[in-house]
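2 protein chains.
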Amino acid sequence: MKIIGKIGKGKVEVNEKTKFSILLNNVAKKADIAEGKRAVEDIIRVIYRHQPISTKKIAQKTRLPLPIVAKVRTILEREKILKRTERGAELTDLGKEFAENFLKLKYKKSLTCKTCNGRGIVLDEFFEDILNKVRVWAKRRPLVDTTIDQSFATPETSTYRAALMYERGDLEGKRILFVGDDDLTSLPTALTNMAEEIAVVDIDERILKLIEKFSQKEGVKIKTIKHDLRNPLPQDLKERFDVISTDPPYTVDGLKLFLSRGIEALGKEGIAYLSYSHKPIDEWLSIQKAITNMGFVISELIPNFNYYEGSEIIANTTFIARLVGKNLKINIGDTEKIYTGLVKPVIRYYKCLKCGKIHKVGEEVKKVEDLVCECGGKKFKMIKREKLKNE
Amino acid sequence: MKIIGKIGKGKVEVNEKTKFSILLNNVAKKADIAEGKRAVEDIIRVIYRHQPISTKKIAQKTRLPLPIVAKVRTILEREKILKRTERGAELTDLGKEFAENFLKLKYKKSLTCKTCNGRGIVLDEFFEDILNKVRVWAKRRPLVDTTIDQSFATPETSTYRAALMYERGDLEGKRILFVGDDDLTSLPTALTNMAEEIAVVDIDERILKLIEKFSQKEGVKIKTIKHDLRNPLPQDLKERFDVISTDPPYTVDGLKLFLSRGIEALGKEGIAYLSYSHKPIDEWLSIQKAITNMGFVISELIPNFNYYEGSEIIANTTFIARLVGKNLKINIGDTEKIYTGLVKPVIRYYKCLKCGKIHKVGEEVKKVEDLVCECGGKKFKMIKREKLKNE
Numbered sequence: 482m483k484i485i486g487k488i489g490k491g492k493v494e495v496n497e498k499t500k501f502s503i504l505l506n507n508v509a510k511k512a513d514i515a516e517g518k519r520a521v522e523d524i525i526r527v528i529y530r531h532q533p534i535s536t537k538k539i540a541q542k543t544r545l546p547l548p549i550v551a552k553v554r555t556i557l558e559r560e561k562i563l564k565r566t567e568r569g570a571e572l573t574d575l576g577k578e579f580a581e582n583f584l585k586l587k588y589k590k591s592l593t594c595k596t597c598n599g600r601g602i603v604l605d606e607f608f609e610d611i612l613n614k615v616r617v618w619a620k621r622r623p624l625v626d627t628t629i630d631q632s633f634a635t636p637e638t639s640t641y642r643a644a645l646m647y648e649r650g651d652l653e654g655k656r657i658l659f660v661g662d663d664d665l666t667s668l669p670t671a672l673t674n675m676a677e678e679i680a681v682v683d684i685d686e687r688i689l690k691l692i693e694k695f696s697q698k699e700g701v702k703i704k705t706i707k708h709d710l711r712n713p714l715p716q717d718l719k720e721r722f723d724v725i726s727t728d729p730p731y732t733v734d735g736l737k738l739f740l741s742r743g744i745e746a747l748g749k750e751g752i753a754y755l756s757y758s759h760k761p762i763d764e765w766l767s768i769q770k771a772i773t774n775m776g777f778v779i780s781e782l783i784p785n786f787n788y789y790e791g792s793e794i795i796a797n798t799t800f801i802a803r804l805v806g807k808n809l810k811i812n813i814g815d816t817e818k819i820y821t822g823l824v825k826p827v828i829r830y831y832k833c834l835k836c837g838k839i840h841k842v843g844e845e846v847k848k849v850e851d852l853v854c855e856c857g858g859k860k861f862k863m864i865k866r867e868k869l870k871n872e
Numbered sequence: 482m483k484i485i486g487k488i489g490k491g492k493v494e495v496n497e498k499t500k501f502s503i504l505l506n507n508v509a510k511k512a513d514i515a516e517g518k519r520a521v522e523d524i525i526r527v528i529y530r531h532q533p534i535s536t537k538k539i540a541q542k543t544r545l546p547l548p549i550v551a552k553v554r555t556i557l558e559r560e561k562i563l564k565r566t567e568r569g570a571e572l573t574d575l576g577k578e579f580a581e582n583f584l585k586l587k588y589k590k591s592l593t594c595k596t597c598n599g600r601g602i603v604l605d606e607f608f609e610d611i612l613n614k615v616r617v618w619a620k621r622r623p624l625v626d627t628t629i630d631q632s633f634a635t636p637e638t639s640t641y642r643a644a645l646m647y648e649r650g651d652l653e654g655k656r657i658l659f660v661g662d663d664d665l666t667s668l669p670t671a672l673t674n675m676a677e678e679i680a681v682v683d684i685d686e687r688i689l690k691l692i693e694k695f696s697q698k699e700g701v702k703i704k705t706i707k708h709d710l711r712n713p714l715p716q717d718l719k720e721r722f723d724v725i726s727t728d729p730p731y732t733v734d735g736l737k738l739f740l741s742r743g744i745e746a747l748g749k750e751g752i753a754y755l756s757y758s759h760k761p762i763d764e765w766l767s768i769q770k771a772i773t774n775m776g777f778v779i780s781e782l783i784p785n786f787n788y789y790e791g792s793e794i795i796a797n798t799t800f801i802a803r804l805v806g807k808n809l810k811i812n813i814g815d816t817e818k819i820y821t822g823l824v825k826p827v828i829r830y831y832k833c834l835k836c837g838k839i840h841k842v843g844e845e846v847k848k849v850e851d852l853v854c855e856c857g858g859k860k861f862k863m864i865k866r867e868k869l870k871n872e
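Residue numbers (the numbering used here), protein chains in the order written: chain A, 482 to 872; chain B, 482 to 872.
Hints may be right or wrong, so weigh each one.
One copy or two, either will do: identical chains are not told apart, so a pair holds if it fits within one copy or between any two.
[Unchecked claim] In the EDC-like style, the derived pairs of lysine to aspartate or glutamate whose C-alpha atoms are separated by at most 20 Å in a straight line are:
{"id": "1", "residue 1": "Lys832", "residue 2": "Glu850"}
{"id": "2", "residue 1": "Lys707", "residue 2": "Glu720"}
{"id": "3", "residue 1": "Lys595", "residue 2": "Glu609"}
{"id": "4", "residue 1": "Lys595", "residue 2": "Glu606"}
Simulated from the structure, these hints should not be mistaken for lab results.
Bound-form chain A, shown alone:
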């Protein structure tokens, strides 16, 4: 909102406008977030339209990271703009004034299509049946390995991805490679029995074994290859695929690396489905420049397409983009900095569900999977996350 020109009629209005303008600036400053005032405005608008609303839902609808939303919400509570009730965040009378008189909000309806949840496509019976099968298999997944930025998409998400590939003509008769597949998108894809060939490269043997068991049981064919993507693809995977699908680590170098391996698989041209986190503009801009420099065009970008299980603090919702490539060229950055934990080391605190003891994960113990409590407990819940400052 650009504040320009005449400031209304009376003195009262001038004061209120100035007061709210200063308040907005202060909140943005205190929250210290890349998107500044716009993010604060977005959060207030979403609460105004959907209150009472949970912090997680605010994050989904604003496409802002959950910790940012939580921080802004706390500051807004202190400023008496918001109050927290059992059912979620609500605007106070002051907050309502702020929303209506200053931000000029008045209408509360959401126009997002309820049939498709804004994705633009829906599952028919055939894909619904596939989803039901995927749900069963997804329960057998191992625990996430956060050191390699694992974070599992919901079975619904992976099935919608397969449906989107079908709808756009990128599934029937096509050779498809999954560049990393902790999301198990190869499962619904294989269950369609539409692809000419499906292959998965992943560094995590646990994921590959699950996919192999699945293939055996369901009578489908998925080639699995254990491979560290920091190294070039094996020769027999090169230049033989029509389509690749990836949900890489959410760093610029992670994106460049995974897409480059995808390009090795595609050769000079092909289609890439990229799932990626909503990012602050500066980072977003480097990412889009990297994408176009590799020779990919963004032919479609659907926000809030992907939802994830478990670690909702890290990734609650991301977009999917369909990239069309011609004269593709690989572009690999610093392969040592691809995981977010390496860029910004993170300590996670887990609570033992048996005795309640708090454990640190991220220094000596690297993965929650390696954690065993002194009481013998093996189930934990993440309660806090902390970024370590880089030296």
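Since the structure of chain A is already known, use the hints to place chain B on it.
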């Protein structure tokens, strides 16, 4: 489809595969189109899924220009892959074999959401009422001036654009500039009574007069400014808007110019809604590079969002992209080459609806509006379009 490796069991299959592969190559070569084999595959897939289907619908679903689709369809008819019935294009038995045995198509359902037609948003009652008003006003539009690439979006399209702006938080309390508005998107936007300020710059006085009449009659405020966008914006429009909306000429220079004028209006940061034609990859890539170089990020891109009236040959459906800008900088190319007619001069043939005489438009007579038949007829129908080769 990459054709690799083993070619099946028997001799018959080898021959068929080879035959169809040669056929696909030949059709793509004869059609001489930028997207090559993929475009031909896309056309066959859309016919397979939706037959019988009109050429216009094929163009919409494949996002290919109508003349290209018509050309490929004619070649496919000659090759006995397609037949034309009263109800549209259908595959022959040979075509079905081609689709099922070679392209490996088998499933025919469309997963595009029928509620929102793939747009991801729907109009509620409030916006439906607005649409009904816009429909009435749209009937009063002048004839399109094709020398400045006019082509009117449907009232539904312009109302959906306003709805999208609302849904994304870019309407309430915002200052919005329409950089060119032959689509009359300012009308539904103003009817919401949500914006802080609405302004329109356009070179066509007829459009501005209609908007002025509308504002007077409907009691809304839209500032209209007659302006040739090849010149910088008037000083009092600079750096005062939060959001711009544009559907520029579909040339790289047209896009750069219109977005740059938008940046003058926004200042360092802001939101842009860009409607633009689905283009062949090479051109698309220059366009996306131009967008990111100006400092805009594509935060969302919805294909087939916009539909146009009348000149369906030129533009049947285009996408809308929501761009978010930070540290924006203008980037103006060759302002003399912004209109497609100047890049590739086009002759249009119009038939008088009274006497049937055919008239040429594009050389001496520049606009269909200037055309009067010797019989006195003033209503014409475009029947053919021809590109002149540039010297």
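Hint-by-hint comparison with the structure:
1. Lys832 / Glu850: within (13 Å within a copy, 75 Å between copies)
2. Lys707 / Glu720: Within one copy only: 19 Å inside a chain, 54 Å across chains, cut-off 20 Å.
3. Lys595 / Glu609: So Lys595 and Glu609 pass the 20 Å test inside a copy (17 Å) and across (17 Å) alike.
4. Lys595 / Glu606: For Lys595 and Glu606, both the intra-copy (18 Å) and inter-copy (15 Å) Cα distances are at most 20 Å.
The structure shown violates none of the earlier numbered hints.
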